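There are 2 protein chains.
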Amino acid sequence: MRNFEYINPTKILFGEGQIENLSKEIPMDATVLILYGGGSIKTNGVYDQVKSALQNHKVFEFQGIPANPEYEVLLEALNLIKTNSIDYLLAVGGGSVIDGTKFLAAAAKYENDPWDLVSLRIRTTAQDALPFATVLTLPATGSEMNSGYVISRRATAEKLSSSGPGLFPAVSILDPTVIKSLPKKQIANGIADAYTHVLEQYLTYPTDAKLQDRFSEGILLTLQEVAPKVLNGPFDYTNASDFMWACTMALNGLIAKGVPTDWSVHGIGHELTAQFGIDHARTLAIIAPAHYRHTFENKKEKLAHYATRVWNITEGSIEEKAQLGIERLEAFFHSLDIKTKLSEYTEAYEDAGSTIEKTFIKRGWLQQGEHKDITPAVARAIVEASF
Amino acid sequence: MRNFEYINPTKILFGEGQIENLSKEIPMDATVLILYGGGSIKTNGVYDQVKSALQNHKVFEFQGIPANPEYEVLLEALNLIKTNSIDYLLAVGGGSVIDGTKFLAAAAKYENDPWDLVSLRIRTTAQDALPFATVLTLPATGSEMNSGYVISRRATAEKLSSSGPGLFPAVSILDPTVIKSLPKKQIANGIADAYTHVLEQYLTYPTDAKLQDRFSEGILLTLQEVAPKVLNGPFDYTNASDFMWACTMALNGLIAKGVPTDWSVHGIGHELTAQFGIDHARTLAIIAPAHYRHTFENKKEKLAHYATRVWNITEGSIEEKAQLGIERLEAFFHSLDIKTKLSEYTEAYEDAGSTIEKTFIKRGWLQQGEHKDITPAVARAIVEASF
Chain F
135 MRNFEYINPT KILFGEGQIE NLSKEIPMDA TVLILYGGGS IKTNGVYDQV
185 KSALQNHKVF EFQGIPANPE YEVLLEALNL IKTNSIDYLL AVGGGSVIDG
235 TKFLAAAAKY ENDPWDLVSL RIRTTAQDAL PFATVLTLPA TGSEMNSGYV
285 ISRRATAEKL SSSGPGLFPA VSILDPTVIK SLPKKQIANG IADAYTHVLE
335 QYLTYPTDAK LQDRFSEGIL LTLQEVAPKV LNGPFDYTNA SDFMWACTMA
385 LNGLIAKGVP TDWSVHGIGH ELTAQFGIDH ARTLAIIAPA HYRHTFENKK
435 EKLAHYATRV WNITEGSIEE KAQLGIERLE AFFHSLDIKT KLSEYTEAYE
485 DAGSTIEKTF IKRGWLQQGE HKDITPAVAR AIVEASF
Chain G
135 MRNFEYINPT KILFGEGQIE NLSKEIPMDA TVLILYGGGS IKTNGVYDQV
185 KSALQNHKVF EFQGIPANPE YEVLLEALNL IKTNSIDYLL AVGGGSVIDG
235 TKFLAAAAKY ENDPWDLVSL RIRTTAQDAL PFATVLTLPA TGSEMNSGYV
285 ISRRATAEKL SSSGPGLFPA VSILDPTVIK SLPKKQIANG IADAYTHVLE
335 QYLTYPTDAK LQDRFSEGIL LTLQEVAPKV LNGPFDYTNA SDFMWACTMA
385 LNGLIAKGVP TDWSVHGIGH ELTAQFGIDH ARTLAIIAPA HYRHTFENKK
435 EKLAHYATRV WNITEGSIEE KAQLGIERLE AFFHSLDIKT KLSEYTEAYE
485 DAGSTIEKTF IKRGWLQQGE HKDITPAVAR AIVEASF
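Going down the list, the protein sequences come from chains F and G.
Take any residue in the first sequence, note its place counting from 1, add 134, and you have its number in my numbering.
Take any residue in the second sequence, note its place counting from 1, add 134, and you have its number in my numbering.
Bear in mind the hints are in silico, worked out from the structure with no lab data behind them.
Among these hints, one or two may not hold up.
Just so you know, same-sequence chains aren't split out, so a pair can sit in one copy or run between any two.
[Said to hold, decoys possible] Taking lysine-lysine and the BS3-like style, the derived pairs with C-alpha atoms no more than 27 Å apart in a straight line are: (1) Lys145 x Lys314; (2) Lys314 x Lys506; (3) Lys506 x Lys496; (4) Lys314 x Lys496; (5) Lys243 x Lys158; (6) Lys158 x Lys192; (7) Lys176 x Lys192; (8) Lys145 x Lys319.
Fair warning: this is a prediction, and the values are worked out from it, not measured in the lab.
Using the sequences provided together with the hints, build the complete structure.
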């Protein structure tokens, strides 16, 4: 096991009815900015619960943070924060709203060009950030219990990430009833996103970090088990709870500790969102199978382990099991009604590989993946294998 | 899934060589008291590493915290803390030293009789406690990443626990190389202790909290897999790492969230330590099988689930699987060279049950266990079934 440092100070309040506890969790003397997206929280009851909880707080609102939180929109919110001396942020939404809020928590105290925070990957400490809470409305990204964020800039077709120990939410409310009103497509995206988060921290090479493997497999098995129920069944609180907690645990830092991680599926996937506007989770479903086929020699042992532990494939050679593992993965995405070929999302796919190759070279991202062997040329080949 | 609140602010530094980072983690202006046990840290190199890391800190020492940390000894340390205006504690040891240190962190700021902290189960907040760090030398109790503690008072044959949000270690150093010098008996105790911690949070009744089950099973399977290697093999860093991390995860709060817990095995086990001085872990190995046989009707479904998931017992009725689960559990303890009958530890066992019954009545502990059905009379029956 590799040496590691682990700390996660976020307080989780899990369960139905927890939103009202915001009244106690957010300091009474705070000036709060509530940030949210397109307004679905106004129809599903979440907005009313939040406003009710904060009825005795001084509250401002910013509506309209889009998916893949757009830099230009965030700058408007930043202006509101500075103008009104906001000192506490409350994200009410999914990963996009929370990620945008993390960027704002850092940008509010950053003196230079805010874009530096992602373009230079500046790490934000607690002293450098406003405190913030979240009310999660879409299980998927794990942003509610980690310190990373990703934002986008349409003008330059960039989608970039950053992080820092000051960007853990102080409190996150996880109320599984929010899943009741989610469109099926968003639930499918959430499952695929969380599932791929685990793969990025697990599907590398055998490390003999037994507990991390077991935990990763536990999350994958839980997602597989609840997926058809939360997607196709009537709303069920138990299934929604399992789904929500699994998504949070998939990316709160725990399963990555002591083991190698990949993250090049995300690195490449982000570019497909930046280029084509494809939903984040779907870019992962496009890239992961193509990636694992392309890097088969390096990953086959862990792929076989995955196939055995997660899909109960116990017969055959390492190569045969590994191959079946990739097939099961792809079939799992299909079971979520998520397509896994780039050409199924856009007709303009032909230059996608070469564009990504150039972008990675320009940024100096020359060695991604657990073996640092995902060069820009390999990334291009993976994208072209996903057509 | 039940509603829950989860927060764990302890920073873990895991791996060989991490002890030197104490120099950065403990504030330079702190007056530090290093607490340890019988002095084994002076022969295994840990003491030297700690002293070297803190060579520029103002440091006092207290040696001699015994297993089942004794109240009278802790009062001596408390006196030292008050006399020297100590404001930071550093526990270097196993669960006993860490638990004693937690008591002292609370007692240092408690105005009344320190015994109140456990006899009245007073919860200690961060403002009510000295900050403290730990260097773990014996994987077992999980005390290095939780906020609970247990201390003993020989004069009254009491072993009592308390906890509080202020009693999470600020930092815990987990260096698996410490296992190199541990006696086999202590390693066996550590495995049995951590294993039973998981059972207390898992072996109740089916709850459909899928991820918590998977995580619990992951810890049990990891402990089972590494047990023969760390017990009987030559020292191996990888196995030691898996063992150490599994013990920490077994009782850091995570797997208990959202599910019922039992803890009556511990409740009864503590009394056997108080009465007979039997090692904590061994009292659990005595009580757990007798307990599960006695409460078979209430626990059989989860026992069968345990047998299937953890021991791969897939044939038979619920009752048959559950019965085999208990047999495998008992065999696992035996594989650690741990006996599971009270009469194998003491000849004076005959009154153990009636003594525990009276003690529980006196303390008002009338309804232990996940069904609140472990009355003093049931506790007596369980103890008598363990003879």
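Each hint tested on the structure:
| no. | hint | in the structure |
| --- | --- | --- |
| 1 | Lys145 x Lys314 | within (24 Å within a copy, 36 Å between copies) |
| 2 | Lys314 x Lys506 | neither (42 Å within a copy, 34 Å between copies) |
| 3 | Lys506 x Lys496 | within (17 Å within a copy, 64 Å between copies) |
| 4 | Lys314 x Lys496 | neither (44 Å within a copy, 49 Å between copies) |
| 5 | Lys243 x Lys158 | both (25 Å within a copy, 26 Å between copies) |
| 6 | Lys158 x Lys192 | within (14 Å within a copy, 39 Å between copies) |
| 7 | Lys176 x Lys192 | within (20 Å within a copy, 57 Å between copies) |
| 8 | Lys145 x Lys319 | neither (29 Å within a copy, 38 Å between copies) |
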